[in-house]
Structure formats: structure tokens, C-alpha cells
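**Q** Residue numbers (my numbering), protein chains in the order written: chain A, 1 to 488; chain B, 489 to 976.
I should point out that these hints are in silico values taken from the structure, not numbers from a laboratory. Each hint should be verified, as a subset may be incorrect.
[Claimed, not checked] Using 25 angstroms as the maximum straight-line C-alpha spacing, the simulated DSS-like pairs for lysine-lysine come out as follows:
| # | chain 1 | residue 1 | chain 2 | residue 2 |
| --- | --- | --- | --- | --- |
| 1 | B | 535 | A | 310 |
| 2 | A | 378 | B | 866 |
| 3 | B | 866 | A | 310 |
Protein chains: 2
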Amino acid sequence: LCWAGICSGIPDPRQRDSLMQQEASRQTGGAMLLTEAEQRLSARLLKLKQQEMAGPQFPPSMHFFRARPLIQRSPIFSLLQGMPKGAALHLHDLSIVGADWLVKNVTYRPHCYICFTATQSVRFVFSARQPSPLPQCSPWKLLEALRAQMNSTADLDNSLLQNLTLFTSDPEVAYPNQDVVWSKFENTFLAALGLLTYAPVFKDYFYRGLQEFYADNVQYLELRALLPEIYELDGAKHDRAWTLKAYQDVARQFVNEHPDFLGARVIYTVHRGINSSELIDVVKEAMRLQKEFPEVMAGFDLVGREDSGKPLWYFREGLSLPAELGVTLPYFFHAGETDWEGTDTDGNLLDALLFNTSRIGHGFALTRHPLAKDLSRKMGVAVEVCPISNQVMQLVADLRNHPAASLMSEGHPLVISSDDPASFGSSGLSYDFYEAFVGLGGMSAHLGTLKELAINSIRYSSLSPQLKDKALALWQRKWDKFISENSQ
Amino acid sequence: LCWAGICSGIPDPRQRDSLMQQEASRQTGGAMLLTEAEQRLSARLLKLKQQEMAGPQFPPSMHFFRARPLIQRSPIFSLLQGMPKGAALHLHDLSIVGADWLVKNVTYRPHCYICFTATQSVRFVFSARQPSPLPQCSPWKLLEALRAQMNSTADLDNSLLQNLTLFTSDPEVAYPNQDVVWSKFENTFLAALGLLTYAPVFKDYFYRGLQEFYADNVQYLELRALLPEIYELDGAKHDRAWTLKAYQDVARQFVNEHPDFLGARVIYTVHRGINSSELIDVVKEAMRLQKEFPEVMAGFDLVGREDSGKPLWYFREGLSLPAELGVTLPYFFHAGETDWEGTDTDGNLLDALLFNTSRIGHGFALTRHPLAKDLSRKMGVAVEVCPISNQVMQLVADLRNHPAASLMSEGHPLVISSDDPASFGSSGLSYDFYEAFVGLGGMSAHLGTLKELAINSIRYSSLSPQLKDKALALWQRKWDKFISENSQ
Ligand SMILES: [Zn+2]
Ligand SMILES: [Zn+2]
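I would like the entire structure built from these sequences, with the hints used as guidance.
**A** Spelled out as C-alpha cells, the structure:
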């Protein structure tokens with residue numbers, strides 16, 4: 001019953017120190033060598049963290065909707081906003097820009113029509129003439145005309161906002177369970193879809209998204225995108241290639257205007273509600289797009305609630321196709337976004353690895369799958385951890401209990417991302433970095449942790465080795481500047 | 489980036505099956521060979537579990553105070569009540585008997601006085617004459633006289649009950665945070681103390697506790713006991729040796745009357761609020777008691793809220809004493825009962841192992857300490873997992889997120905126990921087994937899991953190898969009977 005000399009029952013303080021250091025070195029960032037300036041900033045961060053832990057309310061243990069004002073006042077959060085965070089690798093196309101911009105900018109554009117559904121949601125469409133009616137929705141009204149009839153448009157705008165985000169002051173009452181929160185979540189996308197698929201808005205929205213992440217000191221994005229049909233004012237429609245090209249054009253333009261930004265790539269996604277023969281066609285299209293747009297297209301994924309959809313194994317015929325044809329189509333599968341251990345959904349983790357996924361989206365259930373966990377580590381398949389998303393979608397209440405806290409302790413390959421920041425009332429990456437650093441990381445996480453998380457986001461991106469080197473160099477310059485400005 | 493042939497992107501169904509089986513074999517009970525009858529019962533249990541998962545409310549994801557009526561109606565719970573569960577290894581002396589017995593039986597005994605504190609709690613004492621007043625408490629009243637003045641005693645009895653347990657219909661409102669729930673928790677012990685330290689009640693209470701666990705098909709108990717001063721009606725007081733002897737006598741008597749029960753042992757505990765020189769004296773007394781009562785005395789532990797008390801390392805001088813003197817005093821430390829990662833409290837896990845602890849109480853934080861986790865596994869130091877306790881004391885809300893879910897997936901040495909069942913409104917072990925089997929275990933846990941948990945409780949007990957063999961043989965007979973009665 002002895003191990004490494006531990007059994008005498010009289011601990012040797014030096015051995016104890018050495019074991020504590022060994023353990024500390026295993027965690028994310030535990031093996032990072034920090035400069036003296038970095039050590040000073042790290043010490044300052046730990047002191048600030050101790051103060052937040054001693055306070056009457058500890059934000060990571062609260063629902064994000066209640067914690068947000070506290071986080072906004074946190075000096076740690078300010079530092080994290082200023083920190084170059086590398087890449088945001090788990091984001092969805094329709095939720096990267098704050099919903100208030102949609103209301104205050106997009107819905108005020110000319111030709112915007114609205115209808116009201118029976119379930120108290122709304123749908124939008126831009127059209128040169130009166131659009132044809134939508135089933136289960138009121139007749140279309142021109143928003144401009146509707147607003148003109150009102151004394152104050154504040155109530156209307158506020159109700160539109162409510163339809164475009166999950167954010168609310170009393171989340172436990174509004175969303176008593178996962179079914180309700182998922183249903184509202186999917187409804188917000190249906191509400192936004194008519195706005196965002198209008199060609200001019202589509203490009204503006206993506207540009208604005210890049211701006212928001214750029215302002216939050218993020219250097220690069222990988223966007224899971226449904227590549228929906230984009231329409232013009234006269235009802236003309238574009239195909240997926242057009243949409244992908246639009247992403248590429250906007251990203252290029254943004255990089256031209258912001259040379260210290262690295263751009264964005266797209267992971268083409270399809271809703272997991274489709275059937276397996278439909279998936280075969282989608283994968284074929286994904287292979288064509290991958291070939292045609294190698295610069296902007298990063299790969300493929302399935303989206304939608306895992307617990308309600310078909311498991312990856314159901315789609316095995318289509319998902320095996322690229323490998324069978326010898327075609328490269330990298331996968332970035334959502335997997336293990338579930339509390340239901342041992343179910344078919346839960347099997348997605350192992351299957352994602354068997355289909356040679358490049359990363360794992362969420363991987364919330366990974367700690368309950370020791371073999372998949374080992375594989376993920378050995379194969380260098382990073383987990384994309386989205387703390388606020390997992391909390392809002394009710395996988396875990398207190399973020400100190402997020403399973404990625406263990407993964408961080410073990411130095412498992414992982415990155416931090418924000419999934420659908422607009423839906424959750426967050427923005428960029430800083431809120432999720434706050435939760436990861438203060439909540440998941442506890443007092444063990446230090447500046448080395450943050451540094452490795454940022455580096456990981458480039459290391460585990462879909463960029464080519466050359467572009468990774470370039471990205472790392474750019475990030476390092478920003479990092480050095482950040483350190484020198486914050487380590488007095 | 490390939491591992492064991494996984495990188496082609498075309499999964500081989502046989503390899504997939506084999507990996508799934510490998511993973512399944514790692515979990516607690518995953519390597520258990522089940523007879524045909526056991527497999528039938530296991531299949532039945534999994535079917536029942538699927539039904540509970542499909543229901544509108546899933547008990548392990550709810551607060552136990554709300555889940556209890558659902559659990560009581562669960563056919564899985566009925567089966568678990570009938571299942572021989574082996575030993576209860578993590579229990580506290582003052583909370584093993586349902587609080588209603590204290591109210592309905594003990595407070596109705598003659599000579600029972602009550603006083604009311606300013607904080608709306610109560611204190612009791614048995615006394616042949618009017619007891620001298622207690623600071624910060626109303627004058628003592630004879631309960632018999634108080635009840636005689638009333639038309640109905642139901643309200644009084646109900647309010648007494650509220651003072652002796654945490655159980656309440658609206659836990660989120662009653663206990664808004666950990667500080668409040670811990671304060672109430674410690675108050676319930678102060679309320680019960682005057683009842684339970686009266687010599688006749690003390691023995692009856694322990695006997696009754698053995699009865700309750702025996703009725704729940706538990707074969708053996710290890711009780712963390714404060715060994716408080718026990719008093720007689722005339723105010724005479726007994727020393728710790730008397731108290732320990734009383735435990736031994738009652739346990740022997742119970743075993744005589746119930747030959748299919750194996751008895752109980754005591755882990756002497758002291759509150760971690762004392763200082764380090766006081767701890768030295770306590771450890772010395774513990775060594776004396778260990779020598780004098782080797783049959784009933786199992787070892788030593790510190791109790792009380794870890795986050796508020798001194799860490800084990802603060803007590804290192806006293807805790808090193810037995811090893812320095814070459815005296816055997818097994819430790820059974822509470823450690824890692826915290827959400828605060830990286831704090832001094834959190835260091836208790838490693839220190840418990842360095843002081844050669846025999847088991848770890850709770851170990852809630854263990855998954856965030858990969859080195860301590862490895863040590864615990866290699867040294868065969870089992871974790872005593874108490875799901876309901878951790879939920880009620882607000883370490884985790886949804887028990888599917890309990891970190892021991894990962895430990896179970898990895899087959900980490902662990903046992904299930906109930907900590908303070910009377911405080912939580914549970915009893916015996918069956919409620920905690922339900923949470924572990926349905927909540928922590930998910931669809932992966934099967935009859936083999938339950939079987940290994942029961943065997944673990946004997947394997948990791950403090951019993952001698954001879955007594956373990958005897959215990960296992962007795963348990964096996966009961967198990968075989970249980971299987972044959974439930975596998976048609
Ligand atoms: Zn996602
Ligand atoms: Zn305990």
C-alpha cells in the first residue's frame with residue numbers, strides 16, 4: 001500500500017512540495033515558463049481572483065444572466081478583454097453579433113417586413129413588394145409603417161430583442177428545463193434567419209461579427225455555418241458557393257483593413273434532423289465546396305440538439321464517404337453535449353474520434369469516457385469548451401463543476417470558445433475566458449493557463465502549418481505588448 | 489495523429505464494438521462476470537432506468553428534497569432497498585436515525601427539558617431536577633408540562649422536527665447559499681446533542697440506528713463519532729472510554745440478536761475548529777482508545793466544514809505523532825469536500841494521502857487533482873462518495889454532474905455512503921445508491937456496478953482480512969438470495 005515512499009504517515013515537506021509542483025505542472029499552462037513580467041501579472045491576477053472568491057457573490061457559481069453585471073465590473077474581466085486570446089474556434093454563423101445591432105440597425109433598414117407567429121415569436125423578410133404570406137404567421141407588415149403608427153417604438157424594439165436572444169433577468173422561471181430552453185433557442189434562430197439571409201445584411205452581419213471579435217482582441221475565427229440560401233430584395237436566391245464566397249470576400253476585406261487580424265474560415269454545418277441519405281448528398285456538396293474554396297472552407301459538422309437528433313453512427317455511410325474516395329474533408333464534430341451518460345447520443349464522442357474528427361465541439365461528457373478521453377489526448381484532438389453555453393443550455397449550474405475543470409487539471413488539449421454569444425448575451429471570447437479562468441480553473445489557473453489557452457487556439461485551428469507560424473508570431477507580438485502594459 | 493489504427497476515417501464496426509467494450513470494462517463493475525440470472529436482473533434494471541429517464545422529471549437532476557417522493561415510487565429504488573449493500577462506511581454518529589423518532593419517542597420520555605434560543609432553535613436536556621439555565625436560551629421548561637398546557641401538540645412536534653433536520657419543501661429559499669445551509673446543519677446537531685448525550689437515549693439511539701440500516705439491507709457500519717460526554721439524569725458524566733464501550737456493547741448485543749449482521753466500528757472524530765496543540769492531545773487520546781478498544785475503534789478523523797476549518801497540514805505535528813511513535817492509528821480523513829479549487833482546503837486531498845489515510849471522505853475535488861487521484865488509485869485508498877450530502881450541502885445541483893460519475897467511469901476505488909441521512913431526510917443507504925446508480929452511473933451503470941459497489945464496501949472497510957472474508961461470505965449468501973428472488 002505504499003507508493004513512491006508515501007506510507008510512513010510522516011510527510012516530508014520537500015516531498016510534499018515536489019508532489020504539489022508535479023501536479024501543478026500537469027495542468028493547462030502548468031509547464032509554461034513565465035518571464036518576470038508575466039509572473040508579476042500572474043501574481044496580480046491571483047490576488048484579484050482571491051478577492052472575487054471572498055466576495056458575497058461568486059460569478060462562476062451563478063447563472064451567467066445574473067453574473068454578467070458582476071463580471072463586467074471585475075478587474076479580471078477588464079484584463080481578459082485586453083488580452084490577445086488567439087482564435088475563437090467554436091462559433092455559429094447566426095449568433096456572433098449582439099442582438100441589439102440587429103434590432104437597432106438591421107430592422108430599421110428599408111423594405112423590412114415582419115409577421116407574428118402564434119407562439120409569440122416573429123419572422124422577418126426584406127422584400128421590394130408585399131411578400132407572400134407565411135403559414136402560421138400573421139400577414140406581413142412593413143416595419144417602417146408599423147413603427148410610424150406608434151408613439152414610442154421602444155416597446156416594440158424591446159420585444160424584438162427578446163425574440164432574438166435567450167437573455168432574460170429570471171432564467172430559472174423563463175426556462176424551467178432543457179426542452180424549453182432549446183425550443184426558445186431554436187426559435188431565436190428562426191426569428192433572425194429572415195434578417196440575416198438578406199444578401200446585404202448577410203455580408204454586413206459577418207463584417208460586424210469580425211469587428212466585435214477583433215475589438216475583443218481575438219485574432220482569428222472558425223465559424224460553423226449553415227450556408228443558408230441568401231436572397232435579394234427581388235426574391236432572387238444564391239447558392240451555397242455564393243454564400244461561401246461571400247464569407248471569403250468579407251474576411252479578405254476585413255483583413256485588408258485590419259492587418260493585425262488573421263481572418264476567418266468556415267466549417268460547413270447541417271442540422272442533424274436530416275436523414276442518412278440526405279446526409280450523403282450534403283457530404284458530397286461539402287467535398288465539392290472544400291475543393292472549390294480551400295482558403296475559406298475548413299471542414300464539416302452537424303448541428304442542433306444532440307439529445308434530440310440522430311447519433312453520428314446513424315450517418316456513418318455519408319461520413320465515411322470522403323475517406324472512401326480519398327478526399328480530404330476535415331470534421332469538427334459536436335459530440336458529448338449531453339448529461340445523459342451511456343445513451344446513443346453519448347456514443348458520439350467515440351464515433352467522432354473514429355471518424356477522425358479534428359476537434360470535439362463541447363465534449364461535455366468526455367470525462368465519463370476514459371477511453372475516448374485517452375484517444376482525444378493521444379490523437380491531439382482538442383475539446384472546444386464553451387462554459388457559458390453549457391450553463392445556459394442547462395448542462396451544469398455552477399461552472400466550478402464543469403467537467404472541463406478536470407480536463408484543465410490534466411492538461412488535456414482544449415480551447416475556450418463562446419458558441420453562440422449573441423444568444424447568451426455575451427460577446428467575443430472574454431466572458432467565456434473569465435468563466436474558464438475564475439470558475440473552471442479555480443485558484444490553480446494562472447497566467448500560464450491563459451497563455452496556453454491562447455496558444456492552443458492557434459495550435460488546434462484548421463490553419464496550415466505556415467499560417468499557424470504566422471498567427472503565433474502575430475499573437476506573440478500582441479501578447480508581449482499586453483504583458484508590458486499590464487505588469488508594472 | 490493516428491492511434492491504434494484510428495485515422496482512416498472509416499470506422500470498422502468490429503473495432504468500434506471492441507473499443508466500446510474496452511471502455512465499458514473500465515468502469516466500476518465493468519469487469520464483473522454476471523451469471524445468467526444476474527444478467528436478467530441487470531437487463532430489467534436498465535429497462536426501468538430508461539423509463540425513468542424518459543419521464544417528465546428525472547430525480548437525480550432535482551434537489552433530493554423534491555426528488556424523494558419520486559424516488560420512493562421508483563421500482564429501481566424498491567429493488568435497491570432489497571439489495572444487500574454491504575457496509576455503510578461514511579456516517580456520522582448524530583444523524584443515523586430519522587428525526588421523527590427523536591421527536592415522537594425521545595422527547596416524550598420523562599424529565600426532558602427544552603429551551604428556545606434567540607435564533608429560533610431549541611436545546612434539550614434530561615434532568616432529575618430543574619436544570620441550570622443555558623446562556624442565550626429561554627428558561628428550561630419541562631416538555632411534558634409544556635405539552636400538557638396545549639390543546640394539540642402537533643405544531644410543537646412539527647417545529648421540533650424542523651429543528652432536527654435540514655429537510656424542507658423549498659430548499660432553494662430556505663438555504664440561499666452554502667453558509668446558510670452549513671449554519672442550519674450545525675444548529676441541528678446542537679439541537680440534537682442534549683437528547684442524544686443522555687446515557688439511556690445514547691444507547692437506544694445507536695441501537696435504533698443499527699436497526700434502520702439493518703432494515704435497509706446494510707450488513708455493517710463504520711461510524712464517525714465525536715464521543716461526546718454522556719450524562720446521567722443526576723448530572724453525572726462519563727468519559728470517552730465509557731462512550732466507546734457503550735458503542736461496543738450495543739453493537740455486540742445487536743449482532744447477538746441479528747446473527748446476519750456484522751456489527752459496527754467507530755472512527756473517533758474531532759471538530760476541525762480546534763487548534764494544533766489541542767489536536768496533539770486528541771491524537772494521544774485516540775491512540776490510547778485505539779489500544780484499549782481494538783475491536784470497536786477503527787481510527788481517527790476530523791469533521792466540520794472543511795472550507796471554514798484549518799487544513800490538515802496545519803495539524804501536521806499531531807497527525808505525525810502515531811507514525812513517529814510507531815503506533816497504529818488509521819486515518820479516515822474527510823478531504824476535498826469543496827468547490828474551491830486550488831485553495832488550502834483543496835490541499836487536504838494530497839495531505840490526507842501523505843498522512844497515509846485509509847480512505848478519503850467525499851473527495852469531491854479529486855478529479856481536479858490528477859496526481860492525488862493517481863495516488864489514491866495506486867495506494868488503494870477508496871473515496872467515500874455521498875451524493876445526497878454533496879447535493880444538499882450545495883456542492884453540486886444536478887447529480888449527473890457529480891465528479892464521482894467520472895471516477896465510476898474509470899473504475900476508481902470508491903464506495904457509496906449517506907453521511908448524515910437523518911439531516912437530509914434520507915435513511916440507510918438505498919437513497920444514495922439510487923442517486924449513484926441512476927444519476928452518477930447513467931445508462932452505463934448496470935448490476936455489475938451495484939455488485940462491485942457492495943463488494944467494495946467490504947473490501948475497503950477497516951475490518952481484518954479474516955472478518956472481511958466472513959463479511960463477504962455473508963454478503964454473498966444474501967446477494968444470491970436477492971438475485972434468485974428478483975430475476976424471474
Ligand atoms: Zn455549437
Ligand atoms: Zn462526513
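**Q** Are the Cα positions of residue 378 of chain A and residue 866 of chain B separated by 25 angstroms at most?
**A** holds (23 angstroms)
**Q** Below or equal to 25 angstroms on CA atoms is what counts here, so check residue 866 of chain B against residue 310 of chain A.
**A** violated (40 angstroms)
**Q** Does residue 535 of chain B pair with residue 310 of chain A here, judged by a C-alpha cut-off of 25 angstroms?
**A** Holds, at about 21 angstroms.
Checked against the numbered hints above, the structure violates only hint 3.
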